[in-house]
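**Q** These are the residues of each chain, in order.
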Amino acid sequence: MARDDRVGLSLAVAWLAISLVHLFLAFLWAPDPASTAWADPVAFRIFFFHVPLAWAGYLAFGIVFAASIAFLRTRSPKWDRLAASSAEVGVVLTSFGLVTGAIWQEAETGEYWRWDDARLFTTFVLWLVYVAYVALRSTGEGGEGEARMSAIYGIVAFASVPISFFSVRLLPALHPPPGSREYMTPTYGAVLLVGVVALTVLYVVLLRQRLALRTQALSLEDAKQAMEGD
Amino acid sequence: MSGFESVSIALALTYVGIFAYLVYLHVVQRRVRKEMELLKEALDVPRKP
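Chains as they are written, first to last, in my numbering: chain A, 1 to 230; chain B, 1 to 49.
Just so you know, these hints were derived from the structure itself, not from any lab. Since the model is a prediction, treat every value here as computed from it, not as a measurement. Watch out, some of these pointers could steer you wrong.
Cross-link-like lysine-lysine pairs, in silico, BS3-like; alpha carbons within 25 Å at most [stated by the list, open to error]:
#1 K34/B <-> K224/A
#2 K78/A <-> K224/A
#3 K34/B <-> K78/A
#4 K224/A <-> K40/B
#5 K78/A <-> K40/B
Based on the sequences and whatever the hints tell you, model everything.
**A** Below, the structure written as structure tokens:
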């Protein structure tokens with residue numbers, strides 16, 4: 001087995017192990033919420049998965065931002081590949097963050113979606129911004145021009161991350177503010193931390209896989225072009 | 001939906017979805033590798049004069 005494959009397998013096993021611990025802590029260790037603010041104490045446990053998913057999405061888009069800056073500074077294609085791969089993984093993780101959030105909201109309020117909720121709306125816009133980025137990357141012709149424009153897009157698009165994160169504090173929202181003392185006990189914080197570690201490892205697993213695929217697909221495309229040129 | 005149903009559906013969607021994405025990446029990667037091997041084989045075949 002190649003070294004890269006071994007590292008990938010070890011990370012996947014680590015993710016699986018941390019996820020099992022996380023599931024145990026979330027369902028068997030953490031007590032029901034003491035606060036009466038939650039209509040359904042069982043559905044509240046979605047919180048332990050929803051928040052780490054949102055975190056991993058923000059992390060992925062942060063990497064897009066950093067890699068885009070690195071590409072504009074160095075013009076090295078590796079940064080462009082990293083940004084494009086991270087954006088796709090971020091969209092996948094944010095999609096599950098939105099879905100779990102909607103299911104939790106339905107259990108609490110009877111409605112899956114509220115357009116007047118600032119966090120929901122801004123996170124949906126964030127998701128759309130990066131779906132557009134991924135769609136553009138997958139339909140583009142490639143090359144230096146596309147990479148440069150994508151890097152500029154990746155930097156500007158990152159503005160939607162702090163808007164989504166802080167919207168809950170700045171605008172009217174039903175969504176509970178991050179770290180609110182109403183529900184964030186040390187026990188819940190510990191479970192959440194394990195969840196964040198699990199999702200961070202998962203992000204790395206998915207990113208490595210996506211990055212390897214993009215690199216191979218580009219090599220194949222180059223080889224085909226070279227063959228046609230002969 | 002009851003709380004139990006909500007949690008079950010949320011977790012099932014998340015884990016099955018992530019697993020499906022991993023499988024998709026793996027399958028596409030295998031296809032690309034295979035195509036690359038075929039291309040290399042084709043390049044190795046000596047051309048007819």
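**Q** Now look at each hint and say whether the structure bears it out.
**A** Status of each hint after checking the structure:
1. K34/B <-> K224/A: Holds. K34/B to K224/A sits at ~14 Å (cutoff 25 Å).
2. K78/A <-> K224/A: 20 Å, holds
3. K34/B <-> K78/A: 23 Å, holds
4. K224/A <-> K40/B: Holds, at about 10 Å.
5. K78/A <-> K40/B: 24 Å, holds
Violation of the numbered hints given earlier is absent; every hint is satisfied by the structure.
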